[in-house]
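Let's have the full structure, built from the sequences with the hints guiding it.
From first to last, the protein sequence lines stand for chains A and B. Count along the first sequence from 1, add 135, and you get the number used in this note's numbering. Count along the second sequence from 1, add 1, and you get the number used in this note's numbering.
Hints are computed from structural coordinates only; laboratory data are not their basis. Incorrect hints may have been included.
Unchecked claim - Only part of the chain B face toward chain A is listed, based on derived beta-carbon distances under 10 Å:
hint : residue
1    : Gly390
2    : Leu393
3    : Arg478
4    : Pro480
5    : Thr525
Claimed, not checked - Just so you have them, the derived chain B footprint on chain A, three or more residues with Cβ under 8 Å:
hint : stretch
6    : 149 to 160
7    : 203 to 217
8    : 228 to 239
9    : 368 to 378
10   : 395 to 408
Glycine included, each C-beta is placed from N, C-alpha and C at the ideal position.
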Amino acid sequence: MSEPAADPSGIIFDIQRFSVHDGPGIRTLVFFKGCPLACLWCSNPESQRFDPELLFDPTTCLACGGCAEVCPHGAVWRTGERLAYDRGRCPACGACADACPAEARTVAGRRVTADEVVAEVLKDAPFYANSGGGVTLGGGEPLAQSDFAREILAGCRFHGFHTAIETCGHVPWGVLESILPWTDLFLYDLKHVDAETHRAQTGGDIALILSNLERLVGVGATAIVRVPVVPGFNDTAEDIRAIAEQVARLGIRELHLLPYHRLGQNKYRLAGREYGFTGGEKVAEAELDALRTVAQEVGLLVKVGG
Amino acid sequence: MVVAEAAIRFAGRFAERAEQMAAAEACPNRRAELSEIARICRKVPARPAETFAEALQAFWFVHLIIQIEANGHSISPGRFDQYMSAFYEADRTGGRLDRDGALELLDCLWVKFNQIMKLRDQTASIGFGGYPLFQNLIVGGQTRDGRDATNELSYLCLDATRRTRLPQPSLSVRVHRGTPPDLLRAASDLAREGLGLPAFFNDDAIVPVLQNMGVSLEEARGYAEVGCVEPQVPGKTNGYYPAGFLNLGKVLTLALHNGTDPVTGKQLGPADPEGRGLACYGDIAAALDRQLDHVIRLIVIGDNILDDLHGKLAPNPFVSLLVDDCLARGLAYEQGGAVYNYTGPNSVGLANVADALMAIKRLVFEERRVEMDALLAMLDQDFAEHEGGRLLLLNRAPKYGNDNEEVDGIARELATRILTGFKQYRNPRGGRFEPGLQSISAHALFRDAVAATPDGRTARMLLADGGISPAQGRDRRGPTAVIRSAARLDHREASNGTLLNIKLSPQSVAGEAGLENLVALIRTYFQLGGQHVQFNVINSAILREAQRHPEQHRDLVVRVAGFSVLFTTIDPVLQEDIIERTEHRV
Numbered sequence: 136m137s138e139p140a141a142d143p144s145g146i147i148f149d150i151q152r153f154s155v156h157d158g159p160g161i162r163t164l165v166f167f168k169g170c171p172l173a174c175l176w177c178s179n180p181e182s183q184r185f186d187p188e189l190l191f192d193p194t195t196c197l198a199c200g201g202c203a204e205v206c207p208h209g210a211v212w213r214t215g216e217r218l219a220y221d222r223g224r225c226p227a228c229g230a231c232a233d234a235c236p237a238e239a240r241t242v243a244g245r246r247v248t249a250d251e252v253v254a255e256v257l258k259d260a261p262f263y264a265n266s267g268g269g270v271t272l273g274g275g276e277p278l279a280q281s282d283f284a285r286e287i288l289a290g291c292r293f294h295g296f297h298t299a300i301e302t303c304g305h306v307p308w309g310v311l312e313s314i315l316p317w318t319d320l321f322l323y324d325l326k327h328v329d330a331e332t333h334r335a336q337t338g339g340d341i342a343l344i345l346s347n348l349e350r351l352v353g354v355g356a357t358a359i360v361r362v363p364v365v366p367g368f369n370d371t372a373e374d375i376r377a378i379a380e381q382v383a384r385l386g387i388r389e390l391h392l393l394p395y396h397r398l399g400q401n402k403y404r405l406a407g408r409e410y411g412f413t414g415g416e417k418v419a420e421a422e423l424d425a426l427r428t429v430a431q432e433v434g435l436l437v438k439v440g441g
Numbered sequence: 002m003v004v005a006e007a008a009i010r011f012a013g014r015f016a017e018r019a020e021q022m023a024a025a026e027a028c029p030n031r032r033a034e035l036s037e038i039a040r041i042c043r044k045v046p047a048r049p050a051e052t053f054a055e056a057l058q059a060f061w062f063v064h065l066i067i068q069i070e071a072n073g074h075s076i077s078p079g080r081f082d083q084y085m086s087a088f089y090e091a092d093r094t095g096g097r098l099d100r101d102g103a104l105e106l107l108d109c110l111w112v113k114f115n116q117i118m119k120l121r122d123q124t125a126s127i128g129f130g131g132y133p134l135f136q137n138l139i140v141g142g143q144t145r146d147g148r149d150a151t152n153e154l155s156y157l158c159l160d161a162t163r164r165t166r167l168p169q170p171s172l173s174v175r176v177h178r179g180t181p182p183d184l185l186r187a188a189s190d191l192a193r194e195g196l197g198l199p200a201f202f203n204d205d206a207i208v209p210v211l212q213n214m215g216v217s218l219e220e221a222r223g224y225a226e227v228g229c230v231e232p233q234v235p236g237k238t239n240g241y242y243p244a245g246f247l248n249l250g251k252v253l254t255l256a257l258h259n260g261t262d263p264v265t266g267k268q269l270g271p272a273d274p275e276g277r278g279l280a281c282y283g284d285i286a287a288a289l290d291r292q293l294d295h296v297i298r299l300i301v302i303g304d305n306i307l308d309d310l311h312g313k314l315a316p317n318p319f320v321s322l323l324v325d326d327c328l329a330r331g332l333a334y335e336q337g338g339a340v341y342n343y344t345g346p347n348s349v350g351l352a353n354v355a356d357a358l359m360a361i362k363r364l365v366f367e368e369r370r371v372e373m374d375a376l377l378a379m380l381d382q383d384f385a386e387h388e389g390g391r392l393l394l395l396n397r398a399p400k401y402g403n404d405n406e407e408v409d410g411i412a413r414e415l416a417t418r419i420l421t422g423f424k425q426y427r428n429p430r431g432g433r434f435e436p437g438l439q440s441i442s443a444h445a446l447f448r449d450a451v452a453a454t455p456d457g458r459t460a461r462m463l464l465a466d467g468g469i470s471p472a473q474g475r476d477r478r479g480p481t482a483v484i485r486s487a488a489r490l491d492h493r494e495a496s497n498g499t500l501l502n503i504k505l506s507p508q509s510v511a512g513e514a515g516l517e518n519l520v521a522l523i524r525t526y527f528q529l530g531g532q533h534v535q536f537n538v539i540n541s542a543i544l545r546e547a548q549r550h551p552e553q554h555r556d557l558v559v560r561v562a563g564f565s566v567l568f569t570t571i572d573p574v575l576q577e578d579i580i581e582r583t584e585h586r587v
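This is the structure we're talking about:
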């Protein structure tokens, strides 16, 4: 392991203020870019890769050609009335995004230092103080950039903010252990307890995720388990009961059911990717209520929507 | 004496009518009610009220007569929970009234507030957003010696608005450091119902503003709001509000055209005597200053002529009877009889002009992405064939309302410049001009009067609503950023009030946690020095409007756990789904 940088940097794709569904109070949510999993239903497709990506929205493009004039990579050029774009030649340097008046071309992902992130988080300090809020690291997977994440958490803790992290738990235990002293709350994703189903749909190893969760609880960390309820994947009473029982067995009290939504679908198009999930449109309200009851019967405090 | 006797006779006519109705009434319960009404109307306002019901009736007669006497609006009940509390408490301890009975009486009064309707011409109905009467009734706050003044009636007033769901009275809540958390929570709970009520006022900012205006600390603590956000000492003040609306958008277009109005082609403002051009940002600021000085002076002259005429032609004796020191001075309310005499002009389009100045500074003079001449040509053509240029101005320079220090600083400087510009003038009643930053609905009135502006606004687009709210759809970083921007203005100078509208999504304030977050937004804004805030909860009508005009609604964010997206960028099918759910919720 190399010596950590004095002010480590990392790649994020957004910082969202006034986040109210990701931990207590009014929070600032830092979206890390890059994730070890590749869930088909992911609502933030631009969060999956570790490099900047160009998002292009043809519906707002004026075809003014400003992008073609400035592109140093020959990735965008004029053909008649329209503009052609070769994603393969584009390293997402952002020159075209800067030239684009219509915001049709934007870059998802920018490299920033931990200090820069903390400075942004600091802006809403009085709101945290009045609401019991703070900072939440999400993404993407924040722990895939653990030095960077740890430095942000420590910086926020220095200012007295409540700190939370949303994680899929698919990291070596040492990484979780290293952020423990700076983290007040773990919002821990648990998608399925069956190893085969989990691997097929997310590409991840559920045994690692579960053992990490067990060790977190073992060292006294506060964790809330969050389950994305995905049609055709884990939306039966049996699926949710199995997850809830596992969670209860570990001694965790609170479970959030996050219903699958397609609000991010458009972003696949902007990123030039296919939306691969075909499992169904949404989980019906009545079905969610039934699933909530299932988890409550196991003895958990259940919230729908976080 | 004549008007006081007239007021008693006026009440007597109500008593007579009630007696006649009682005599003809078959139902014994109703007959008893009517006889009681007749008894009360015979008693007040001739003699002092002794019960809560009598006090309400006395209040209503006085309020109604003032409404009849003058055709003005914003006749505001003020600190109703304070002056009514003793009657309420006496009835409660005397066992004559329970909470529900009192609430029913308040409900009736609230209905009465909505029955008053005055004739308005079309201009006024656009400028004031319909026919509201701005009867501002304010609860909470402090006593003269700085203790919390909240009482049971404060809560009952909130309940009456929740139950009647009517737009009048314009219910307001005074908040200070010692406001009980329960009151703030109850008021916030009402605010998230989407009625646009109550408005929240910050004692810790407003009391010093009044002290700055020469009011003693004790009196300042007794302030009430008139109309929308105009603070004053009740019973001692003649504030001439709103004394005109300074159209900042227009002033900017005059500045960019050396005093010529691009809409009419007329020379409305002074031309630069030295014939300087617009070669640097300093030139723009100087040109704006020149036009501002001119327009402020014109507004003051117009106000003072009207003010003088009111005193000469239309003195109101009944109001003069009620306001100190009209009797002692022997002068009517309109003639300088009041202790405090203000004239309160407002200004419209602060956000647009700050955004426009920022865009010129950044894109013309710093980055040189647009030439000044090319910018003026685009504006003169109302951006026709220049959509790229318009979007550059709109998207490529910071906008007020996003917690950006640079553009917020421009807004602050501009606001202070306007406010101090007005404050050098006096009115014929011996008082000062005390300007504010609020627009009511004047931004709608000015729709056709302002040519395209360098913030990327086309000629037909509305100027920003509210006084210090960001321009429509340009606040893209959420309510905490809006609050930080708004708090950067110098609220101390805005003696006729500042008005901030904040839009909230229903999900963000749902449940217990959502209520606490709303309370935290209010508390924080007030700690940062804001004077006033009110909330609109996003409803399906707003979302439908956003589907039609996406650019003006880029502040609408759909937030769920770990995810957020602009409403205007999602698939129409999903938009429908969200609209349906929003309808369901409200």
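Hints versus structure:
no.: 1; hint: Gly390; in the structure: holds (7 Å)
no.: 2; hint: Leu393; in the structure: holds (4 Å)
no.: 3; hint: Arg478; in the structure: holds (6 Å)
no.: 4; hint: Pro480; in the structure: holds (6 Å)
no.: 5; hint: Thr525; in the structure: holds (5 Å)
no.: 6; hint: 149 to 160; in the structure: holds (count 9)
no.: 7; hint: 203 to 217; in the structure: violated (count 0)
no.: 8; hint: 228 to 239; in the structure: holds (count 3)
no.: 9; hint: 368 to 378; in the structure: violated (count 0)
no.: 10; hint: 395 to 408; in the structure: holds (count 7)
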